[in-house]
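Q: One letter stands for each residue in the lines below.
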Amino acid sequence: MAEMLYREALNQALAEEMERDDRVFLMGEEVAEYNGAYKVSQGLLDRFGSKRVIDTPIAELGFVGLGVGAAMGGLIPVVEVMTFNFAILSLDAIVNTAAKTRYMSNGTLSCPMVLRGATGAGGALAAQHSQSLESQYTNIPGLKVVSAATPADAKGLLKSAIRDPDPVIFFEHESLYATKGDVPEGEYVIPLGRGDVKRAGADVTVIAWSRQMRNLMDGVEAMCERTGLDIELIDPRSLRPIDEDLIFESVRKTNRVVIVEEAWGHSSAGAEISDRIQRGCFDYLDAPVTRVSHLEVPMPYSPPLEALVLPNNDRIEAALRSVTYGAAKGGADG
Amino acid sequence: MAEMLYREALNQALAEEMERDDRVFLMGEEVAEYNGAYKVSQGLLDRFGSKRVIDTPIAELGFVGLGVGAAMGGLIPVVEVMTFNFAILSLDAIVNTAAKTRYMSNGTLSCPMVLRGATGAGGALAAQHSQSLESQYTNIPGLKVVSAATPADAKGLLKSAIRDPDPVIFFEHESLYATKGDVPEGEYVIPLGRGDVKRAGADVTVIAWSRQMRNLMDGVEAMCERTGLDIELIDPRSLRPIDEDLIFESVRKTNRVVIVEEAWGHSSAGAEISDRIQRGCFDYLDAPVTRVSHLEVPMPYSPPLEALVLPNNDRIEAALRSVTYGAAKGGADG
Amino acid sequence: MATQKGKQEGNGKQASASLSDEQLLDLYTEMVNHRRFEESAARSYGMGRIYGFCHLHIGQEAIASGASLAMADGDMMVSAYRIHTMAISRGVTHQEAMDELFGRATGNVGGMGGSMHLFKPDNGFYGGWGLVGQQVPTATGLAFSNKYKENGAVVVCFMGDGAVHQGAIHESLNLASIWSLPIVYIVENNHYGMGTAVDRISSLPPIHRLGAAYDIDHGEFDGMDVLKTYDAISEAFERARSTSRPTFLEAHCSRFRGHSMSDPGKYRTRDQLAEEKSRDPIPTLAQTLVERGLLDDEKISAIDKAAKERMKKVLKAAEEAPWPDASEIHTNVFAEGGTNG
Amino acid sequence: MATQKGKQEGNGKQASASLSDEQLLDLYTEMVNHRRFEESAARSYGMGRIYGFCHLHIGQEAIASGASLAMADGDMMVSAYRIHTMAISRGVTHQEAMDELFGRATGNVGGMGGSMHLFKPDNGFYGGWGLVGQQVPTATGLAFSNKYKENGAVVVCFMGDGAVHQGAIHESLNLASIWSLPIVYIVENNHYGMGTAVDRISSLPPIHRLGAAYDIDHGEFDGMDVLKTYDAISEAFERARSTSRPTFLEAHCSRFRGHSMSDPGKYRTRDQLAEEKSRDPIPTLAQTLVERGLLDDEKISAIDKAAKERMKKVLKAAEEAPWPDASEIHTNVFAEGGTNG
Ligand SMILES: Cc1ncc(C[n+]2csc(CCOP(=O)(O)OP(=O)(O)O)c2C)c(N)n1
Ligand SMILES: Cc1ncc(C[n+]2csc(CCOP(=O)(O)OP(=O)(O)O)c2C)c(N)n1
Ligand SMILES: [Mg+2]
Ligand SMILES: [Mg+2]
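Protein chains in written order, with our numbering: chain C, 667 to 1000; chain F, 667 to 1000; chain H, 45 to 385; chain E, 45 to 385.
Source of the hints: derived by calculation from the structure; they are not laboratory data.
Worth double-checking, as some hints may not be accurate.
[To be verified] Once the Cα atoms are required to be at most 25 Å apart in a straight line, the calculated SDA-like pairs of lysine to any residue come out as:
1. E:Lys193 / E:Glu282
2. H:Lys310 / F:Lys825
3. F:Lys825 / E:Lys193
Full structure from sequences and hints, please.
A: As structure tokens, then:
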């Protein structure tokens, strides 16, 4: 174990996998000479050279599509999009090409690639740079979708993603790069599709991922204190496939669920999880599945407004009070 | 009332709105000289001339983006994408630009446009041409999303969409263009966000839209017969905003719901509706909300496989049996 | 070719000059087979045996055959959806292709792809893609992988005159140029994208000049003449192999049928179509081979007859071929199987 | 301009020759104000009063001022995210701009947009867009609307040297050319997209030549000289107005600061930066005006002092300005209000 930043854990995963397999290369805007817009690729150009760490033009459809083709050609591209707000330009290559390659070719072609980059709100970046667009990918069969909340998860999941024989969409969070945590050294691989109990608790299940999970982890003891509830924190880590078993097990124990999601909630991964729980745990639910998401507006720039638009403790605790029918302490609606 | 095809109803709506307002124009691939790939724009070039009915190059990001700018400039573009499989190339213009224009500009700009075209499976069109990608739009605040099942709805909703002051995404179905129905003449406008009871029933609510609703309407009496259930058919018609009131009212009456969706179910509009019902009607549900969707695979070409991948009567009736705990007749699992 | 990064004017060598008699006859036979295959597909489509979209290459067969002949082992071909002939030139059998169009388990890709999505990577055929322009970044990535692996392979990537205006092409040409990728882009300029004449939607003509903007060698050739096609493409392959530079070529050609089976083709007059058909690549090659004494009327009809008979058998077998098993629905979504929802 | 559809070589007329003394002095004053505004923003960012991304136009002020001066009533300007000076040239007050950067209710767009998203359509400023290249189809559509309405208005659309490789540009140039749209595209070639030197990722240089591929008049100018900037843009506006043809121009320029406030700028040497700064557009214009007897050292420092004082007041007022009310969150998602979930 070593304590390191989330971005360093990602860097370590990249370096180890590039060391391990010559077919792995990294491509994206500013990944090489600039060492990455968020410094995830720090030092990789020096270490692996310009053949394997490649700066691209600003042309997301072109270079992501090129990555898709390179994967079909037998390489293992890790394609960095500076943020997923920009990856929307490349969706044709991912949704219409990568996700369907193995199927349409009846297994004669494959597309082992990772598309990775920053998601979410980085702090006063306004409407176009603060989006969590995960559901553009979770809706699509043929893709795996991963989202890491901690440095350890970042490392273990990215290594799995790179080794996966199919396209994996890997969401990092713009506001997590500088967060810290213990990370196992060397070979540390977390299977895709496996969730994690980030805190065991008896009263209510809170499901979250990425930055929202991190915020919860950091504040959960105080939140338990304030609400008088013993909260169980479940991080699915993969949004597709979802670790239903882990989620259902928790809900069958606590009988109450709040899903906290940084994305807009409409037709989102959170909606999917809610739908599955109400069906999978119908007889166990003492209250409806309740959700806290990005308010249904584009992100305003002004910081005090942003704080209200994102999920926050006030809204999460109101949801906790609602699923416990007021058994939780505190709050005007409690 | 006149009986006409779905494509004719759309054509009538376009013609009437172009007649009514000079700012309305139609743009897209093959819409002018070819009269539309699906003949929706039949005769419009002759009638309104090449200034207002415009063939574009195959450049979805360019011409949809041009439409967005034209809307900001005071026009009312109706932009046809031949199918929404191709509109994925233009999502930056819609999600990152059109949906955020009014908000980011604090109301000084607006984007009154309609993006319309074919969705869904047209019959053995394989993985890249059979998708229902509605959730790419329903996830986004700032957009309204509409889907018409019948010629009358097609007319009434398209007229509203064109008159709406904000961007509206209008889904037609590739397999509905040649379907028939009665359509009110002249001024017939269906407010966006208002659903419709396509058949009143007492036992179970089936929610569907677009071609899946049409299939249900055509087969519902037989299905009631086969299952012994009095089915209520609810068509939300708008997927964003969703007519929660109408849906909740029906569910509170029947206490059982099946959602039938042609799209993949993962993180879809159907998941959203399910999530809302389990919360909005928690105490009324006698069975979990059950869903029938596109199997979670890309669409195979071969017709017998396609028939299994799409929602079909077998799968819908199994769902009906499941929500009625076997009270419905028929079926091995009944 | 005289100057790098200029117009490809022909390099003096004509690759076709060294084709053997046997190769020339094979080429002719292949093109006749292509034609008969496409005609059989058209009839079967009319009879409801082929489904969905079906785009024929009738009139453009020389491009498939000429390009394929220019390829060496390991080279790769990528195209859009008008691909039956290309797949067949790359070794997909007529039977596998027809079975695929019929949606059968014995088809090239087990009935999963259909007319637009044929694949045979073992023989260098990489599809088979339905969104206009989408194959171009993909093909550019294949070229990248070859350069990375230093395997000397060259990619040939086709696109239509309608596809050229997609942003993906601009992005790809720039990438191929800055990274010197061994790829030959070929625009099949058949003058129409569906019903739209290229000059109504393009500011580019001549299309191949777009290459100049990206410092890419470019040129044009008569895609109705298989030998000229072979010469032009061979020259570009040679450039890719020796200098790793891309080439952007424009093939002038005609499709004799509608865009797809549902296109009545009203945008062309009868006369115009007749004029186009007068440059049919098959009689054009026949004429040359007759002049060289390799063909005569008798041989021509024998080849044709054999092709027709072959297709008859192919159709019969296709009709009798089994449908895919329902279990196939859930295979090949992921490597490990399962749909992994 | 001599030939249509060729290189814009200057049309002989120099629009700047007919600028009045007052206009010239105003231009100078505006540019000085731009510089002081940007410097104030930089300091405030350092003090944590401005949030998120903040891209300064320091070094490139001549382009904002020269372009704005070329515009007539009804004309429109569209750019990306490096836009403070452009918005201000188009009539957003320093106070409104700074308040917006501070995220205040009194800001140009009520604190909803911030540094990257300023708008003032009443004065022809149409933003303010954050995705590289995205503004180009939008601007092309604005030009379309003007042509449709036959209002004679011209659009000027800026993009960076990094943006040129986006597919959206290719698609837009083709559309503008085939439909003859009255628009002037200007590439602000400051040689870098973030930390990437343009020649590392572009096969195009000279960038403006891309226009030729689309049959669009094209040309280049010294964007560090506001009079040359005004001349070149005026000529292109004139073409748009008289012939409705687009123009594609390249402005050679430099940004003296990092890409955004978080960029340490290690990709440039000190010497290189010093060389770039020697062509600072503000002293360059001062020199000309001194030679014409319109400015002297005293006036120069008076203008500068006034600018500094103005910015001091602006900053003070911005700090005291109110935050937006929470209720604003739910306005302007839709016209009718409400978030319409
Ligand atoms: C992105 C996208 N837009 C639109 C279509 C519909 N479409 C299919 S083929 C075609 C015309 C293409 O013309 P061209 O590139 O000239 O190729 P050709 O058919 O002539 O071989 C169109 C518009 C599509 N498949 N993909
Ligand atoms: C589509 C997209 N990709 C990437 C980015 C991140 N990004 C913001 S500015 C920039 C550099 C743009 O350079 P250039 O176009 O030269 O403009 P300049 O900053 O020099 O004015 C990049 C890569 C973005 N905002 N949008
Ligand atoms: Mg064509
Ligand atoms: Mg730049």
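Q: If a hint holds in the structure, say so; if it does not, say that too.
A: Evaluated hints:
Under the criterion of a C-alpha separation no larger than 25 Å, the hint pairing Lys193 of chain E with Glu282 of chain E is consistent with the structure, at around 18 Å. Only pairs whose Cα atoms come within 25 Å are accepted, and Lys310 of chain H paired with Lys825 of chain F is rejected, the gap being roughly 31 Å. At most 25 Å may separate the alpha-carbon atoms for a hinted pair to count; Lys825 of chain F and Lys193 of chain E meet this at roughly 23 Å.
Of the numbered hints given earlier, the model fails hint 2 alone.
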